[in-house]
Each structure stands twice: as structure tokens, then as C-alpha cells.
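Take a look at the letters that make up each chain.
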Amino acid sequence: MNHTIAEMMMPAARSKITLRYKWGVSEASFRKILYLAGLILLVLLVAILFSLVVASLPALRQFGLSFLIGKTWDPVRGEFGALAFLVGTLMSSFMALVIAMVFSLPASIFLGEYFPHGRVSGFMKSIIELLAGIPSVIYGFWGLFLLVPMVRGLETAVGVPPQGVGIFTASLVLAVMIIPYAASIGTEVISLVPADLKEAALSLGATRFEVIRKVVLPYASSGIFAGILLALGRALGETMAVTMVIGNSNFLPQSIFSPGNTMASVIANEFTEATGHLYLASLIELALVLFIVTTVINILGKLIIRKMGTRK
Amino acid sequence: MESPILRIENFSAAFGENTVLKNINLSFSRNTLTAIIGPSGCGKTTLIRCINRMHELTPNARVSGKILLDNQNIYDTDPIIVRRQVGMVFQRPNPFPTMSIYDNVVAGYKLNGIKLSKEEMDQTLEESLLRAGLWKEVKDSLHRRGTFLSGGQQQRLCIARALAMHPEILLLDEPTSALDPKSTAHIEELVSELKKTVTIIQVTHNIAQAARVSDSAAFLYLGELVEFGVTEKMFTAPKDKRTDEYLTGRFG
Amino acid sequence: MNRMAETAISRRIRVDKLFKALVIILSVSSIVPMFLILFMIVKNGVSVIDWQFISHLPKPVGEAGGGIANAIWGTLILIGLSFVFSVPLGVLGGIFLSEYRESKLAYLIRLSVEILQGIPSIVIGIIAYVWVVMAMGSFSALSGGVALGIMMLPVIVMATEETLKLVPDSLREASLALGVPYSRTIMKVILPAGLSGILSGILLGIARVAGETAPLLFTAFGSPFMNLNILKPINSLPLTIFNYATSPYPDWHALAWGASFVLIAFVLGLNLITKLVTKRWKVQF
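Protein chains in written order, with the working numbering: chain A, 1460 to 1771; chain B, 12 to 263; chain C, 67 to 351.
Isolated chain A, as found in the complex:
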């Protein structure tokens, strides 16, 4: 009579299969551990926001909204107004964006349109990746020793006090730092433009330039805008490179060549010397503002890119 192989098998091994089994508890607890890990991530974010708010309460209560428009930042007298830093941040970031776009947009067109594959493209992309990986402090160091003298020369030529450091120099360093970031987003976005749209235009006799101008860029425009937003978010949070070349002055900047401070750089500069609850709380309130602004900008940018990716 034919036995199934199961019956013919060594009895020892067979019993091992059905009897030796620790289960149940470890199954349920594994799933629970996974859930826990996920929840911790969520709670972490909430806790960060919560801590920032709580730690800046003294300043929030004392100054309210006038914190953001106050021109004076005087730790000695206990007067903390952040306007100088808001202006410094906005000036340096926007200038940096403009300068960066001049180079990153062509780079995106280069990599997304003209040379999407091949060795040239591979080389460029690697360099851009490497640029993105250079630590901020090294950019600052380089900026301090190369850009500052250059700007000093420029300032002498223009007839402005030749300090070298200042908001303009900070924008230059920032621009160099966000170019790789903006370029890779732009490249992604431009390569998403459907080939059949481009081919339709080309077959009608349009030149490459005209196709780029009238088909590719308009299609990719929302993505490019998102890239700008994300690069802006990056620039706003940059600390080290900026703090090394911006001149660290707490007065409202008068021109682009003035020394100044951004929200991030003033925190870096003054936090360890901050005495007193109000001082500390004011600096932390700056961090809170930074947190909220960069979060909003990042979410907006990512949302636009996601929408673009799902478009036909």
C-alpha cells in the first residue's frame, strides 16, 4: 500500500515540524512593535513642535506679534525684535534663489533635454551629487577665504565700504549651495515631460529652442516652481555657511552689502551666550518661526511635485 511520503519520513523530523513551534506571542508583539515604531515617528514631530512652542512662551507672551516687526534686538535692555533677521533672511534667500536659478535652470535643461543619457550626463550628475554632499561649514570656510576677498574688491570698485562680509556674500554662498539641489529637482521635472508632446512640436518644424520654450518649460513650470520652493526652504534653514560670511550684525540691513544676520545665523551666534529666560526664549521663538515657515514651504513644494507626477 502506498503511504504518503509524509508517513514514510523519519518520525523524528516530522514531529519537529508540527510540535516545535513558538508562536502567538511573538507574532502579536512583532506587529505591535511595528506600530509603535510608526507612532514614535509621528509623536516625535508633534513633540518637536510642542517643545518649540513651550520653550518660546516667555517671548511669545512678552512680545506677541510685535516680535516679528520689532527693529531692535538688544539683549542688554531685554528688547527683542526680529525684523532685522527676517529682512536678512528674506534678502539673502531671495537673492540666492535668483542667482542660483541663472545656473540651475540651464543645468536642468542640459541634463533633462540635451544630454539625458551618456557619459557627459553621468559625469555632471555625479558632480552635482557630490556638491550636494559638501558640508555647510566647508562652503562657509571656502566662502570666507575666496568669496569675501572677491566681494571686498567689488565693493571697493563700486565705492561701498569694503567689508567683504555681508548679505550679498551670504547670498553668493547660499546660491552655490542650492544650485545642486535646484538642478536635480529641475532635471527630474523636465525629464517627465512626455516625449510625444515634444515630438509633435518638432515634427511641425520647430527648433529645439522653440520646443523647450513653448512646450517643455510651460509643461514643467509647476514642477520648476516647486523646485524653487524647495530650494528656498533649503536656503532659509542654512546656518553655518551663512553665519561665517554674513557679518553678524543685528541691525536692519541698509543695502545688500550691509552686514546682517539671518534667523538661523543669529541663533548660531548667540545661543551659547544667551543669559536669561527671555533671551533664550526669543532665540527659540526664532527657531519656531523657521520651523513653521520651512515646513509650509516644503509641504507646498512636495505637493506640487506629486501632483505633477500624477498628471498624464
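No wet-lab data here; the hints were simulated from the structure. Cβ atoms here follow ideal geometry from the backbone N, Cα and C, with glycine treated the same way. Worth double-checking, as some hints may not be accurate.
What the hints assert, rightly or not - Here are the simulated DSS-like cross-link-like pairs (lysine-lysine), alpha carbons at most 25 Å apart as the crow flies: (1) A/K1766 - C/K170; (2) C/K86 - A/K1673; (3) C/K254 - B/K121; (4) B/K150 - B/K126; (5) C/K83 - A/K1657; (6) C/K341 - A/K1491; (7) C/K170 - A/K1491; (8) C/K86 - A/K1584; (9) A/K1761 - C/K83; (10) A/K1584 - C/K254; (11) B/K129 - C/K254; (12) B/K252 - B/K33; (13) C/K170 - C/K231; (14) A/K1584 - C/K341; (15) B/K129 - B/K150; (16) B/K150 - B/K193; (17) A/K1491 - C/K254; (18) C/K231 - C/K348; (19) A/K1766 - A/K1673; (20) A/K1766 - C/K231; (21) C/K231 - C/K254; (22) B/K147 - B/K207; (23) C/K298 - A/K1584; (24) B/K147 - B/K193; (25) B/K207 - B/K193; (26) C/K254 - C/K348; (27) C/K86 - A/K1657; (28) C/K254 - B/K126; (29) B/K150 - B/K121; (30) C/K298 - C/K125; (31) A/K1584 - C/K83; (32) B/K33 - B/K250; (33) C/K231 - C/K125; (34) B/K244 - B/K207; (35) B/K121 - C/K348; (36) A/K1657 - A/K1673.
Unchecked claim - Computed, partial: chain B to chain C, Cβ under 8 Å: (37) M65; (38) I92; (39) R95; (40) R103.
Dock chains B and C against chain A, hints included.
For chains B and C alone, kept in the frame of chain A given last:
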């Protein structure tokens, strides 16, 4: 006559509101090969996935009725144990890519932390590979990863992997549909030998294959068991009109 | 074709060529800074580096022969701490996100992780200050590790999720069909299959975190001494570079170049290793 190794009684299965299997009653004898045939979407794959309780891994899956393996309702047993008693081979060969051929075959033991002595393991390995008709081809490369094997060889590796667990029943879900004709013939030969020592239930959409390898066949249509019987009789003189239409290619 | 049409077309062609030239020039210019930076670092840093530089502690200004030994050790210790804080949690979180992909909770968590990734590093430094430094009453390597860990976390989570998403369901089914419980299926089949992606996520996270200064300014704080005690302040390469570069002493500037060389070599080296790891260890399905 000895009792059937597997009995399905008044069994139904559903995904949420969608009933996929309606009141199935089937029994399977030891050491035979039963083919499950029917057009796409008739519930064949769902049926065998219920036999090793894989069906319930899908959210919203529901079942009712009994499936008795050796007179024990598998729904009263821990699914992990059921799956160790019932082996499955899938449509696309799926050897574990990070493991060597050796580890693949004995994966059922290693992954479950079941300790076998080296001799036991080697013996199980050789036996399973022999039964799967793969031993000669791989015995000198047991410690290489399985990914260099051809599709047909990979599928035989998966069969060996399932056999290593000494299952009561071997479920084959369209095992040759992703393979070339030569490998398909190879596996059909293999399976015809294997059925002498293990009970096989094979889902196939290939009627000719079912005719070639199976002892009995069950024809499912729209979730219902339309006809079931000895292959030779059923295929030459089907009792139900729908069976006849399916076998002659009128639909499906 | 008449004259007017011809000149119109040739003008368009000229514009097209001009545009392409402009694009190429500006694109190439955008990567020039890379070479400027590397050049400066190599030129100024190579001469500073010798065995003494690597193995000695910093000396006060004016004394010859300082080194960055404590910075190197500090960086390694901080990396180790951030690894401990971010890898287990990050991998488990990534597994959760890839297993419960569709759920509402997963959507929220994924959103949180993306937000976490965009938080400026100085803000994270403040959080670590509030949570650890204030609680402990002093600066410490531990608080620096917490800050860097929070920064590394999103990188690990996203790398894990992305990699595991690529592992086909058939692998999971094969394992479950053998009667392997869910937890072991994940840990012994799915995770190993995605190891190369997770590993490269970890390496890239380390590369990023090794160069961070801002979050350490008021957590790890820096120190002129060699310190292996995680409850005390500790130095790191970026902190050293910052302190020396912004000092008025040319000797220290030279040290800063040397330290920059070491840091860049480390970061770029990690990037290279990551590329090799992904290539060699990537599992084909």
C-alpha cells in the same frame, strides 16, 4: 477504501461582499493528482489558497464550511501548522534570492528555526532534490545562489523546497504557465512520478495538461463546482453541458 | 522658398544654436565651484596632514604641532550615537510604512517623516538642547548624538520603505506558504532582500550627519580635550573647522584646511562606498 486525505465540505469563500466560492464539496484520495480546471476567475486559485489558509492573508477575506485534512478541520488548527503540512508551488518560480540552493531547499526548516542535524538536513536535501528531478543538475553548486538557474530549474527548486517539508498535500498553482514548452514537459513528467508518493492538487488552465497528468479533475465555473470525477471518464463523456462546452473550448 | 522665409528660418536656427551654447556654458559654470572648493582644500590641506596631525590634540595658539585627534574621535563617537538612535527605530518605521502602505496612519506618518527631513538642522539642535542639555544640566556628546539621530532618522525610514516596496510579494508568499510566521518572514526574507538599499541609506545618512555643525553648537559643544565620555562635551571635525576658520590666527586656519581635507575625504569616500555597495549587493528579482 481508505478515507480521503482531504475533504472539502460545504465550503464557501468570499472577499468582503464578493463571494468567490459557493458551497464546494470535494474529496481527494491519497497519492493521486487532481486537476482543478475552469475559466479565469472561476475561483480555482482561491480554492487552493484556502486549502493552505493563504486566502485569509488578504484583508476582508471570509470563509465558511469545513476543510478536513486527515479528518481534522484546518480551520481549527493554527494556520502556521497547516501551511507546514500543505506545500505550495506558485505560478512564477520564486526561490529566495538571497539564499543558496541548499538553503532554499531547506528554507522551511531554517526560517522556522527547526533544528536538524547536519545529516538530517543533508539527507532531506538530497531526497527532495532527487524527487524534484533536480539533484544531478545542482549537486555540485549547492552553495551558489539559485538565481542562475533557468525558469524550469527554478520551478523544480521551488518544488523541492515544498517537498522538503514532507507535506501531506502539494498544491500547484498553474506551475508551468510561466515556463517554456520543454520545461513544461519536464515538470509534467516529474509530477506524474511524484503523485505516487504525495497527494497533488494542481490548478491548470491547460486542458490538455490536465488530461495528461491528472487522475481526477474538478471543474469550477463562477465559483461553483460543476463536475468532478475521474479524468478519463469526465473528459470523454462529461455529465454537465457546461463541462462539455469548456472542454471543447467554447468558452474560457 | 522666398528670401524672407529663408532669413527667418536661418535666424531661428541661429537663435537655437545660441541658446544651446548658453545652456552649456551656464551648466558647466554651475559645477565650477566644486572644483574650486576641492582645489583649495587639497592645496591648503595636504601640506598640513601628517601623522602628528591625526594623532595629536590641539595646542594653544602659538604653539606648534596641534592636531585634530579629538575631533576625529568625537566625530566617530557622534556617528555611533546617532546610529544607535536612528537605525533600529528608522528600519522598524520603514518596515511599518511598507507593510501598512495603504492605511491612513501610514500616510500621516510618512508625511511626518517628510516634514522631519526638512527641518533646519539648527532647529533640531535647539530641540536636543531643550530635551537633553537642559535636563542633564550640561553639554554632552549624548545630546549631540540625539540631534544627529533625529536628523538621520528620516533618511533611514525613507530608504527602508523605498527598498522594501521593491521586494516582490511573491517572496513573502513563498515564505508564508512554508509555514513561516509573519515576523520571521519580514526579518529573515524580506529585510535581507532589501539590505543593499537600507545599507546605502545608512551610509548616506552618516555622510550627511558627519558634516553637520549647527546642531552641535549647543549640544556637543566642542572641547579642546580628548573625551570618550558621552556625558561630557565632545569635539567634532566640523566644529573644529568652524572654530579654527573663524579665528584670527593663521596657524589655526591652516589646521582648519587640514581638517576640511579629512572631512571631505571622509564624506566623499562614504559616497563612493555607497555606490559600490549598492552595485555589488543589490538583489535581482
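Hints, verified against the model:
no. : hint              : verdict
1   : A/K1766 - C/K170  : holds, 19 Å
2   : C/K86 - A/K1673   : holds, 15 Å
3   : C/K254 - B/K121   : holds, 10 Å
4   : B/K150 - B/K126   : holds, 23 Å
5   : C/K83 - A/K1657   : holds, 18 Å
6   : C/K341 - A/K1491  : violated, 35 Å
7   : C/K170 - A/K1491  : holds, 17 Å
8   : C/K86 - A/K1584   : holds, 19 Å
9   : A/K1761 - C/K83   : violated, 34 Å
10  : A/K1584 - C/K254  : violated, 35 Å
11  : B/K129 - C/K254   : holds, 21 Å
12  : B/K252 - B/K33    : holds, 19 Å
13  : C/K170 - C/K231   : holds, 17 Å
14  : A/K1584 - C/K341  : holds, 13 Å
15  : B/K129 - B/K150   : holds, 16 Å
16  : B/K150 - B/K193   : holds, 22 Å
17  : A/K1491 - C/K254  : holds, 18 Å
18  : C/K231 - C/K348   : holds, 14 Å
19  : A/K1766 - A/K1673 : holds, 21 Å
20  : A/K1766 - C/K231  : holds, 21 Å
21  : C/K231 - C/K254   : holds, 16 Å
22  : B/K147 - B/K207   : holds, 21 Å
23  : C/K298 - A/K1584  : violated, 41 Å
24  : B/K147 - B/K193   : holds, 18 Å
25  : B/K207 - B/K193   : holds, 23 Å
26  : C/K254 - C/K348   : holds, 16 Å
27  : C/K86 - A/K1657   : holds, 17 Å
28  : C/K254 - B/K126   : holds, 16 Å
29  : B/K150 - B/K121   : holds, 19 Å
30  : C/K298 - C/K125   : holds, 20 Å
31  : A/K1584 - C/K83   : holds, 23 Å
32  : B/K33 - B/K250    : holds, 20 Å
33  : C/K231 - C/K125   : violated, 51 Å
34  : B/K244 - B/K207   : holds, 21 Å
35  : B/K121 - C/K348   : holds, 23 Å
36  : A/K1657 - A/K1673 : holds, 10 Å
37  : M65               : holds, 6 Å
38  : I92               : holds, 7 Å
39  : R95               : holds, 3 Å
40  : R103              : holds, 6 Å
Consistency note: the structure conflicts with the earlier hints numbered 6, 9, 10, 23 and 33.
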